[in-house]
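Engineer: Each chain, written out:
2 protein chains.
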Amino acid sequence: MDSPGNDSGELSIDLQTALLMSLDTLPSQPLPSPEEGLVERQFATLFEPPHPLVLESGEEFGPITVAYQTYGTLSPQRDNAIFICHALTGDSHVAGRRRPEDRKPGWWDGFVGPGKGIDTDRYFVVCANVLGGCQGTTGPSSINPATGEPFGPDFPFITISDMVNVHHALLAHLGIDKVLAIVGGSLGGMQVLDWVVRYPKQVGAALVFASGARLNAQGIAFNAVGRRAIFMDPLFRDGRFYGEQEKPRFGLALARMVAHITYLSEQSIEMKFGRRLQHSNELAFDLRKETEFQIESYLHYQGKRFVERFDANSYVALTRAMDYFNLAQSHGDLVTALTETLARFLIVSYTTDWLFPTSQSSELVRALSAARKHVTCTELDSPYGHDAFLIESELPKLEAIVRPYLARLYHERAAQKAT
Amino acid sequence: MDSPGNDSGELSIDLQTALLMSLDTLPSQPLPSPEEGLVERQFATLFEPPHPLVLESGEEFGPITVAYQTYGTLSPQRDNAIFICHALTGDSHVAGRRRPEDRKPGWWDGFVGPGKGIDTDRYFVVCANVLGGCQGTTGPSSINPATGEPFGPDFPFITISDMVNVHHALLAHLGIDKVLAIVGGSLGGMQVLDWVVRYPKQVGAALVFASGARLNAQGIAFNAVGRRAIFMDPLFRDGRFYGEQEKPRFGLALARMVAHITYLSEQSIEMKFGRRLQHSNELAFDLRKETEFQIESYLHYQGKRFVERFDANSYVALTRAMDYFNLAQSHGDLVTALTETLARFLIVSYTTDWLFPTSQSSELVRALSAARKHVTCTELDSPYGHDAFLIESELPKLEAIVRPYLARLYHERAAQKAT
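Chains as they are written, first to last, in the numbering used here: chain F, 45 to 463; chain W, 45 to 463.
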């Protein structure tokens with residue numbers, strides 16, 4: 045990838061220096077005790093009457109409850125806030141455990157925490173579930189106050205900008221006017237890009253991983269397949285299934301299966317499963333055996349697990365928001381859209397990501413360069429495809445870039461204010 | 045791709061020379077009149093009692109009707125026969141028209157015919173529908189003589205080898221002991237490879253396009269998604285839907301939609317559709333509008349058209365046969381499997397094919413080289429992904445290789461016999 049005025053060698057020395065410099069200037073926090081280490085999901089209710097959110101569709105909508113989690117401490121200068129945007133099926137639970145008995149920590153626990161890539165000893169980290177989601181923020185499965193029933197298909201059509209506006213209002217509610225950085229991968233990266241276009245003077249840096257300025261047509265195609273699977277499930281009942289005993293699990297599981305393939309790479313699937321069989325060394329010669337190969341068993345398992353935690357209407361709404369995302373559209377072209385922002389950019393792609401290939405990041409970098417923005421970019425080598433930014437073993441590579449990048453950013457912003 | 049002892053420059057001169065040489069030696073045919081130009085689908089019934097086909101599963105099965113079409117004239121020496129293996133959803137109707145009013149000719153009409161890539165003025169071309177298919181050869185939708193009803197789920201489990209054994213029997217029935225060449229792309233290419241392993245001394249050349257010695261795990265994954273879609277369709281009724289008014293069209297259409305994405309490339313989808321809308325310049329903000337983007341409309345149309353011509357049980361059976369294909373398995377490894385054959389090989393892959401990427405062809409070429417076979421290989425540059433071998437505008441590239449290749453082959457085999 046073309047990175048104006050940077051090659052990776054030069055970059056790493058720069059960042060190393062910046063990191064050493066900034067270690068003295070950042071607030072240090074004591075390590076939390078085990079109880080303090082537990083994270084609480086909090087809620088804020090915004091856009092209450094008579095101040096609804098005006099959606100991109102023109103429709104007015106409110107009130108909106110937002111589920112969010114915070115990590116670390118906001119500095120007295122309120123200058124160390126980092127907002128994390130989650131991907132399609134993520135949630136506010138980005139790191140840590142909510143209960144001591146939780147088997148698994150948050151979805152980016154390897155990257156967000158004390159001393160980690162996004163160091164919660166230094167930064168005040170906020171992560172919130174998106175509008176239209178199903179993990180605490182108002183979405184299709186929430187109760188419609190007008191009817192006392194879940195919204196279902198009556199939930200309004202939402203876009204990435206609507207999600208961003210809700211999170212912007214959350215930060216205002218938390219007393220944060222400017223954020224040091226907005227960080228996100230995939231659909232989260234789209235939100236990051238929308239943030240800097242929509243709130244050009246309130247974001248210090250935009251960190252965009254495995255994402256792009258729009259979903260390409262192949263991505264739209266796969267999303268269309270997923271939604272078709274949900275719509276064809278008789279138990280979906282046009283989205284009015286909440287009162288029913290049986291949830292539309294087959295369609296949603298199928299949608300997840302096909303999406304999951306696009307998150308992996310040919311290489312990683314081949315490495316992890318190849319043509320190995322699940323339970324035997326002998327082929328069964330049985331057409332009804334759906335989980336004979338390990339890759340089949342894995343996908344079926346992923347589908348099954350997914351329906352336990354996700355809502356079919358949310359899946360439909362969020363994938364469509366992803367399809368609609370086109371950063372250039374609001375301003376006619378990408379360069380113009382990105383002209384106003386004061387943010388600097390860190391763009392990361394992965395060699396084997398074919399859902400958001402490096403060409404998408406390159407397009408973004410070219411536009412940012414044309415708009416005379418400060419942009420750092422890198423293509424990380426990984427066999428794990430689109431999911432690489434979430435995979436534990438791949439996080440050190442990301443951390444090696446992000447940690448010094450944030451440290452320098454924080455140091456420079458602090459220096460700017462001091463002068 | 046590594047081609048032992050050949051680079052493309054050397055190859056093209058060689059083949060050009062061979063072509064000129066062979067023009068004199070090949071039998072010339074008069075051009076057919078318009079009526080003669082019509083192709084007739086013929087049928088042969090094989091494996092009649094007491095000689096059933098022993099399937100790879102061990103089960104015995106018969107009788108088997110085979111639908112086939114022939115083009116050109118078998119030479120008195122019976123040395124100019126070329127057998128074409130069709131891909132997953134193809135059929136025996138490889139070229140020409142069956143009725144004067146047919147809107148479209150056969151599926152490879154741009155490549156097979158008088159003066160074309162496979163020149164029916166020179167060669168006797170046979171193409172037959174596969175066992176388990178639904179275009180005339182015995183398959184799940186055929187009548188089970190034991191019950192008088194369609195087989196449905198009682199149709200036996202079949203493999204690529206079973207298909208090949210049936211076609212081998214068809215050629216024997218037509219009085220053809222040795223074929224000049226077997227040609228096929230994708231699933232057709234798998235059949236070609238199985239042919240040379242199974243009948244090592246009866247094939248002059250194996251022409252394998254956009255295929256490989258096995259389906260990779262990603263391919264198995266996409267097939268699993270397609271079958272899941274069919275199985276979850278309530279109208280599929282475990283495969284016993286033939287007597288019903290409503291066919292399981294939703295599941296089969298969905299299977300086709302996802303498969304169709306894998307036949308294209310990111311590049312071709314972007315070129316052909318991009319993010320363009322189907323009917324408007326304005327976004328609809330309507331979740332139930334499934335065909336808003338052109339790519340969606342295209343995939344839905346492909347799904348709809350497909351169910352008019354294909355059987356859901358056949359789709360399940362043939363995709364599973366594809367999953368099971370593993371040329372190395374019967375002999376322990378690929379080199380050993382390929383050791384015995386007398387055939388020479390032409391292996392063609394396409395730059396943007398990600399279902400059977402060039403790495404798959406390379407693996408095959410390495411094994412063939414290790415087995416000391418005569419192998420010619422090339423990666424053709426095309427934006428059209430896996431489907432490139434079927435796309436009209438891409439056929440001249442294939443023809444430029446195949447036509448002289450076959451001409452030299454025929455010339456050399458004739459010369460061998462003369463000495």
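If you're looking for bench data, these hints aren't it; they were derived computationally from the structure.
Don't take each hint at face value.
Put simply, identical chains are the same to the list, so a pair is met inside one copy or across any two.
Capping the alpha-carbon separation at 25 Å, the derived lysine to any residue pairs in SDA-like fashion look like this [stated by the list, open to error]:
no.	residue 1	residue 2
1	K291	Q322
2	K160	Y286
3	K316	S186
4	K333	L99
5	K441	R452
6	K333	E103
7	K333	E104
8	K417	V351
9	K461	L321
10	K316	S101
Engineer: Hint by hint, note whether the structure agrees.
Structural biologist: To see whether the hints hold, each was checked on the structure:
1. Taking identical chains as interchangeable, the C-alpha atoms of K291 and Q322 are never at most 25 Å apart, the minima being 28 Å within one chain and 32 Å between chains.
2. When the C-alpha separation of K160 and Y286 is checked against a cutoff of 25 Å, the pair qualifies neither within a copy, at 40 Å, nor between copies, at 60 Å.
3. When the C-alpha separation of K316 and S186 is checked against a cutoff of 25 Å, the pair qualifies neither within a copy, at 38 Å, nor between copies, at 39 Å.
4. With identical chains, the CA atoms of K333 and L99 are at most 25 Å apart between copies only, with a shortest distance of 19 Å across copies and 47 Å within one.
5. In the homo-oligomer, the alpha carbons of K441 and R452 lie at most 25 Å apart inside one protomer (18 Å), although the nearest pairing across protomers, at 54 Å, exceeds that limit.
6. Taking identical chains as interchangeable, the C-alpha atoms of K333 and E103 lie at most 25 Å apart only when they sit on different chains, with a minimum of 18 Å there against 48 Å within one chain.
7. With identical chains, the CA atoms of K333 and E104 are at most 25 Å apart between copies only, with a shortest distance of 21 Å across copies and 49 Å within one.
8. Taking the shortest alpha-carbon separations for K417 and V351, neither the intra-copy value of 42 Å nor the inter-copy value of 51 Å comes in at or below 25 Å.
9. In this assembly of identical chains, K461 and L321 lie within 25 Å of each other by CA distance neither inside one copy nor across copies; the values are 61 Å within and 47 Å between.
10. With identical chains, the CA atoms of K316 and S101 are never at most 25 Å apart, being 43 Å at best within one copy and 28 Å at best between copies.
Violated hints, in rising order: 1, 2, 3, 8, 9, 10; the structure is consistent with all others.
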